[in-house]
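Engineer: Put chains B, C and D on the given structure of chain A with help from the hints.
Protein chains: 4
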Amino acid sequence: MSLSPEQRAEIEAQRATIASTRRTVANGMEAQLYTAHEVLDHGFVRVIDYMGDDAAICQAARVSYGKGTRSVSNDEGLIRYLMRHWHSTPFEMCEVKFHVKLPVFVARQWIRHRTANVNEYSARYSILDREFYIPAPDALAAQSTVNNQGRGALLEGEEAARVLEVLKGDAARCYDNYEAMLSQDGQKGLARELARMNLPANIYTQWYWKVDLHNLFHFLRLRADMHAQYEIRVYAETICRVVADWVPLAYKAFEDYRLGGVALSATGMACIRRMVNGETVTQENSGMSKGEWREFEALLNG
Amino acid sequence: MSLSPEQRAEIEAQRATIASTRRTVANGMEAQLYTAHEVLDHGFVRVIDYMGDDAAICQAARVSYGKGTRSVSNDEGLIRYLMRHWHSTPFEMCEVKFHVKLPVFVARQWIRHRTANVNEYSARYSILDREFYIPAPDALAAQSTVNNQGRGALLEGEEAARVLEVLKGDAARCYDNYEAMLSQDGQKGLARELARMNLPANIYTQWYWKVDLHNLFHFLRLRADMHAQYEIRVYAETICRVVADWVPLAYKAFEDYRLGGVALSATGMACIRRMVNGETVTQENSGMSKGEWREFEALLNG
Amino acid sequence: MSLSPEQRAEIEAQRATIASTRRTVANGMEAQLYTAHEVLDHGFVRVIDYMGDDAAICQAARVSYGKGTRSVSNDEGLIRYLMRHWHSTPFEMCEVKFHVKLPVFVARQWIRHRTANVNEYSARYSILDREFYIPAPDALAAQSTVNNQGRGALLEGEEAARVLEVLKGDAARCYDNYEAMLSQDGQKGLARELARMNLPANIYTQWYWKVDLHNLFHFLRLRADMHAQYEIRVYAETICRVVADWVPLAYKAFEDYRLGGVALSATGMACIRRMVNGETVTQENSGMSKGEWREFEALLNG
Amino acid sequence: MSLSPEQRAEIEAQRATIASTRRTVANGMEAQLYTAHEVLDHGFVRVIDYMGDDAAICQAARVSYGKGTRSVSNDEGLIRYLMRHWHSTPFEMCEVKFHVKLPVFVARQWIRHRTANVNEYSARYSILDREFYIPAPDALAAQSTVNNQGRGALLEGEEAARVLEVLKGDAARCYDNYEAMLSQDGQKGLARELARMNLPANIYTQWYWKVDLHNLFHFLRLRADMHAQYEIRVYAETICRVVADWVPLAYKAFEDYRLGGVALSATGMACIRRMVNGETVTQENSGMSKGEWREFEALLNG
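From first to last, the protein sequence lines stand for chains A, B, C and D.
For the first sequence, full-length UniProt numbering assigns the number 1 to the initial residue and increments by one for each residue that follows.
For the second sequence, full-length UniProt numbering assigns the number 1 to the initial residue and increments by one for each residue that follows.
For the third sequence, full-length UniProt numbering assigns the number 1 to the initial residue and increments by one for each residue that follows.
For the fourth sequence, full-length UniProt numbering assigns the number 1 to the initial residue and increments by one for each residue that follows.
Next comes chain A alone, as it looks inside the complex (with noise of 0.2 Å):
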């Protein structure tokens, strides 16, 4: 459980403001605003503010294209179009700030997004919590033995156990430790810059995170996907369900065309044109290597 009593009250708090305003409103984005989706142990997702919505992507299409966009008559065929042509600029319109709370090392591959602003809790200012990320059964996996970079089967019995004690162990007297460094009877405890480095990367930490609409799709098409570390995934899976309640044409656009959709190679693709005008394809005729041709498959069997 994430939130504290005093942390509800401040968002009830906040959710009863309400103001009057010209700008654009969208509804679905107006019953988001502060609710906090919690997400792993003691992480969540809120919406602090936004700006635009499914209109606005339209708006500025029309402003760039002018006479040229009355031909596609209406918004929904609007954005599919611009979506399915890399139209990049109208989705930059919309943007989205988010107060976010996740463990370190989440963190550290979020920030990878570089076009996007960002102001993290400084722990060279102020002291962290004593919060840990700490898997559930469910996310306690084993290394997998085909990838790299993945997961396979889920620890049991003894093992997880033991893997659970070890986490939970060292996440404690980690933060104890830190604790006892930062301030001592009769001592003069050591600068909070220093002392953070005993935290391990499983520390909660906290975030304002600003995007605009398409570098967010972006984000959410490299970390919705099934092949995004768990950990991060829990984090854009909640956010694609507040976009599609922000900007449900753009959402559903977003989906069937990206995080849905599938690039292919001119070499694949000439493979599908073989294919169905009736003819077999193999590996070995099909012009990829192994590998490629394991991942081809693999799209076509959905």
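For the record, the hints were derived by calculation from the structure and aren't laboratory data.
Do not take every clue at face value.
Reference excerpt, derived from the structure (chain B facing chain A, CB under 8 Å, subset only) [as the list claims (entries may be wrong)]:
hint, residue
1, S20
2, G28
3, E30
4, P90
5, V118
6, W207
When the alpha-carbon atoms are kept at most 20 Å apart in a straight line, the in silico DMTMM-like pairs for lysine to aspartate or glutamate are as follows [as the list claims (entries may be wrong)]:
hint, chain 1, residue 1, chain 2, residue 2
7, A, K188, D, D138
8, B, K290, D, D75
9, C, K188, B, D138
All C-beta atoms in this analysis are idealised placements derived from N, C-alpha and C, irrespective of residue type, glycine included.
Structural biologist: Then chains B, C and D, alone, in the frame of chain A:
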């Protein structure tokens, strides 16, 4: 006069639509929303949307610096501290979207600021309107005789008249020919993407331009500067007034530290220390070149 | 003919200067260095500097993925893997700097790619040369009747002659007037930053353009595409040939996965699965709109 | 000692390979290439590649400003002019790629500079080495009593010993457990992407980091500053020495205008004008708050 009666009616309609929101509302900016500020002879700037206010800057800073910021108790002091110490990320938490109509040669300078989102009217898709920037008499300046990039005295009398004649005549002729190339009785008409290349750089274009407050301040520092070209400076000055209504505390800090602030070299600062101590410093004993000394003296004389 | 004898002599001198370096050297690119490839009637592209090669891409990938990449034993396989799985950062480790001379209306499209460094010839500081793009007969096309942003049939006979006459005439007159406004016997002359606004968009400008390989590939995918405007496509195609000499393995992967590759929606991929299984799929039972189906059929027919 | 004999041999081999190039060569940087500068207890910085030199900065500036720059006849004067007037694009024309080994908590600060390219060693794919940053006695500081983000006096005697004991003990135990979780006789072993979360923030990571000179100067101004955390400052200072060898004129200008330069507010500059004119200015009549006045006095006293 840049706005047609239709445009004025549309703006009134946009301004009349009021909705409820849970988001942060900046009242000064609500008053600005959609209103078109006229710039040059046919241009304008108007706010289409915004996110955040002074309080949002402080909120983001307090997430970053946590309890560390309690010592700066009030918002104004905190914002000044952030500006003085080049903490840029809290200012990135505010975002604004403008609709701008501007001459192409101004747009070409403007677009050099890369950290913004743009949707420009496309002359590949659509036909440009017959609107050209013709300088007012008080903007019709000769080349500076001391500055390679600047302006000198105003043109007067016959010379001014002759130059205006040329600008108007060429604009009209080029536009007539643009129209004639696009569409001709019994002929095919040149593609729009080709015909547009006959149009001079004082024709007006328009775009949606979205930027965060930190990058907007950077733009304004360079373009509201007295060395900026007059035709872009008037846009920057208009935007300055809008920003002052939106985030009054941040704008005031920006004015003091950036717009009115000065950057001194180590050499310049050493001279100032000597001068404050009563020493007479000249170019010869300053350690500066003649050009640097000239600029330094100008700073000292304000 | 875009190069003067002086420019040719300068290029020869640059090419003749050879030095020793400890850096990675790409031999195919050394042969390209400084050579100007002519584009359109007065434009060119030439390589001024570069950093990295195919091996540098692999080296960076192996830093990231460590022992994990040992399973992909050879460089070509690794580069294809990186391209196929959208691993962009290793490609960012290569950098290239071009000197490009191009018409202003092409420059305006080009600059929309923001993740690059640009130094453009400034008409505030300097006087532009009398060089305008005038389309060759095989580029003088009518507006497409089916595509709002494209070209249709070539203009012919009298119509072509008339259009060329207009373009040449307006360019010449505008440039004459530009010169006359700048400097006049016994008069002051208009400031360069103002006089330039009389010049049409087919005048040539030039710039240094520096970009990393990942962002260059993104530029080339969009601008070497058959839907790109012809006048920018010829630049992109010239750069494609340069890149093929620089990083042959990466270019080949780019050609297969991006330039020649296709992106299919989830809906489109589902149709392909049905077709491969022998089912007859039509627009009506495809789940696509008529426009999408038309594009999908075009992909299938290659 | 951060480098193994194998690494030293590899570096020697890289340095021994010399090739011919037509590119610009910076001799001071050639001497630097591949050499590892040791930083902290196990870290290092070394140059892997570079593009451009002082002359390349001037060449780009002269493309932009054309004949306008002839008045600044020599390269040093031109570079100082560009730096003084915030002309950033010519500096963007130089690029450098470093290989850096650094503690994770330093990497987390470093990565906040978004305008760079990074390939980091991935603990999802590979196993991290047993190397932790343990502060030297002269870096083991207490929390500052006057500054929320800084350090105060050094820890001494028993307290220092106790803190070092804790840091070493926790690092060793966490790493032992990391190894034990990864692989166990007769058990599956935890996935690498999960096991790594047990490692504290003083473990070393490494990356390739590529950046242009303008953005590198921005990084160095903030991180070579005396207010930066010591553990990142030593990296910045090492890079400063490398850059001084690479582009000596640009580095000297950077040192004078940025690193040693000061930014004064309009209010501060007005005070200086009064002081130079012999007036006595105090906090009370300065228009500054107490905090600002304290910082202003510190500037004046150098």
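Engineer: Tell me, in ascending order, the numbers of any earlier hints that this structure violates.
Structural biologist: Checked against the structure, the only hint that fails is number 2, while the rest are satisfied.
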